[in-house]
Amino acid sequence: MPQLLPLTFRRPARIASLFLACAVFSACKDKKGPDTVAVPPAPGGTIVIATSTDASTMLPPLVSGIVDRQVTDLLYDRLADIGQNLNTVGDKDFTAQLAERWEWATDSLSIVFFINPHAMWHDGQPVRASDVRFSVKLMKDPSLGSPATALLVNVDSVSVRDSVTAVAWFKRHTPEQFYDLVYQVPILPEHILSNTPVAQLKTAEVGRRGIGSGRFRLDKWEPGQRIVLVSDNFNYRGRAKIDRVIFAISPDFNAASTRFFAGDADLFENLRVEQLPEIAKDTGKKTQRLPSLSYNYLAMNMIDPKNPGQPHPIFGDRAVRRALTMAVDRRAMLKNVFDTIGQLAYGPFPHSMTVADTTLPQIPYDTAKARALLDSAGWVAGPDGIRSKLGRRLAFSITTPSSSAARHSYAILLQEAFRKVGADVKLDESDFAGYLTRLTSHTFDTEMANFSTDPSVSGFQQSWSTRFIGKDGQNHYSYSNPRVDAMLDSATVAFDPARSKLYARHAFEAIMDDAPGIWLYEPPTIAGVHKRIRMVKLRADAYFSGLADWWIPSNERIQRDVIGVGPTP
Amino acid sequence: MRRYLAARLFQAVGVVVFVTTFSFVLIHLAPGDPVAGALRGPNVSETVREQWRATYGLDRPLPEQYARWLLSTARGELGYSFSLHRPVRDVFLDALPNTLLLSGTALLLSFGLGMAVGVLQAERPRGARDRWMGRTLLVFFSVPDFWFALVILILFAYRLPWFPAGGLKDSFGYDYLPPLAKVRDRLWHLALPVFTLTVLTAANAARQQRAALIAVLPSDWMRTALAKGLSWRAAVRKHAFRNALLPTITLLGISVPQFAAGSIFVEKVFTWPGVGLLTVNAIGARDYPLVTSGVLVASIIVVCAALVADIAVAIADPRIRLS
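Those sequence lines, one after another, are chains A and B.
Note that the first sequence covers residues 1 to 569 in my numbering.
Note that the second sequence covers residues 570 to 892 in my numbering.
Check each hint, because a few of them may be wrong.
[What the hints assert, rightly or not] Estimated spans, in silico, between C-beta atoms of each pair:
hint	chain 1	residue 1	chain 2	residue 2	range
1	B	Gly673	A	Ile412	38 to 48 Å
2	B	Val594	A	Thr440	19 to 29 Å
3	A	Thr525	B	Ala636	43 to 53 Å
4	A	His118	B	Leu749	43 to 53 Å
Bear in mind the hints are in silico, worked out from the structure with no lab data behind them.
Predicted, not measured: the structure shown is a model, and the values here were computed from it.
Quick reminder that beta carbons are idealized off the backbone N, C-alpha and C, glycines included.
Please work from the sequences and hints to get the whole structure.
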């Protein structure tokens, strides 16, 4: 742990002498300038991240929000970590974490994991194979209610051969069985958690302690104010290159961004386009585009919300869906909402996925064709310009959460685009809880969907496969196409990544041809960052996963990098 | 007096029970539930959500949920916050002192300042000082609090970085400060939210005080005081001021709950983790126990403030009898 010195804050003389000492120290240690430093200098520094939400738990199986995930990913290690390319097939691109190596059984139905004997929990206890067994058993326990339980169906159990050897047993040999286990299961301390009944872990105080084996450990969690993580100095994977990470919580977007611009924070991850000129004027700050696996689209409900079981009277017709897609100038909308920083969504996938294919044919923007297609589908324009068919007007609503400014703007632009081809569109906005209720109860016509997929191709099944229609699935739009089902099934069982991509391509092509959604944009995640911070290993599924390897050159460190943190052992 | 207090306390309990029951029903009628908000990830199945609802008793009929809440509240247990994953009692024990500090300081300062300005205005009604003060007060009385708080934040925390941009204390250095510097750091963080609330509320207090003073200035006893040789300023400050206090005391009683509500925006902009902000966020997250407990706390503050204001009025004006 960093040694905390009882320094007097804001006393110029002491601070100045401290800076002088640091400068002399860094001058001796770091002979190259900051721009030419090839390897990080001596560890040190503090990163303050301004965020507008607090964490809700420190127990990885129960995480639901982004801050939960960020913090727990830094606190808890997995058996192995996914590679930078997010390849989920086999184990080739995974790197060792708690398991220093692993061996596959000849039938591939079990994998033996050899735990690093130097791995310790943050309370000083050694990490054991029994912790792996406990973690899997806990996550699969229905009484815990972990959102990730459904992702572990192929993991049968874990047995313990000796204190540092765990054997994971699988039901079937699949391309992603290794990924299923190591990506979804952060390893938890049995000696801390096993004394609490599983059903009570949701509310137990023990779930807030955050004792893991990662390169950062939890120092403080002051709800609604800050979460302080400090480097675990004796970590088996080596000390983090940053001393401290502080999540400074502000409950409002403007307050959080002002904290960043005022210099109280070093990183703010959701800059808006209108804030970019401010960054450009500030010589101490820079922008950093963060990769992500999110994409946004206008999703169309295939079933009638008033008569479940019946096709939707408008969107049940493929020709109408395609016509409405043709009515939308996606590029102009992107420019309107995000100016130069937006990225157009290509299809039902984010660009950063390995299976993404940007050569697929798209439905072009063509309002004349859109009108013609609607005419041929029997939707005839009335005196007010609104089309109708058999007495039913071409009228529907766009459901969107009021909390999202971008989705709100898009909904208005779509309303106008659809009006031009004869559709009467109403906006149906509600707070997030209300929006979610509409979504899960299927009581909407169209909705401004945001989907963050996981790195696996199986994630697409959850949105687009017929078997994920229903209360436990994520196919809220009841989209069903046997060809898509077959192709996605094939993609998830193909051991050859190239074949998997080919099957996924066929599935995407069929989905795009069916037009169950209008692919609008990939939300641009532009972070504002203090220039002294060097960010490395920004992975698309979790840009913060490599935070322990971020660094700050010694000669660029500022007051908060040194206050309270002494020389490290 | 005792009978009056007993009757008022009885009324107060009735008001609190009615208000909390009403809010309990209202928040349960709103679309969405706490579990849907807490588990919003793409992989969360409805079965998992149902399991969480069963764990927290949200699948039980509304009257049963209400009875359970009432019983646990009577035992001093306010339930468990779904959105913050903490016992509600702990959440309020953390937030209440912050609200009391912010609102209490601002309330004292705003009424002190408001009454002083009101007296200064009333000393020379319709004079130059009265006019420019009146216009300035009207501006502050009219501006929306959320907008004003943002302007203050951007001006004094970003453009002129004299004060911190929010929070209770320094995010990184507070723990390493000596005790006196810790107090200074707290005050430094308190400055902008208190200033914002004070300025906004002082305007109303000043207008009330000025109007009340002007109403009593033509009284016979003022003429007598002046005839006995008191200066105009001394007569206003010693005699008229006390007689003009009643409307301001009543306003003070009304302002206490308004402060709890009005400071929500200030708490939000300045990241001040108080009760108001907590309750508003809880409404968005459909955190039933937190919302109902927030209303419970607020309603207790309201009835207590009203009671204290009534007693204070009786003390200030001996002609009023509590009965």
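field: In rising order, the numbers of the hints this structure does not comply with
entry: Hints that this structure does not satisfy do not exist here, as all of them hold.
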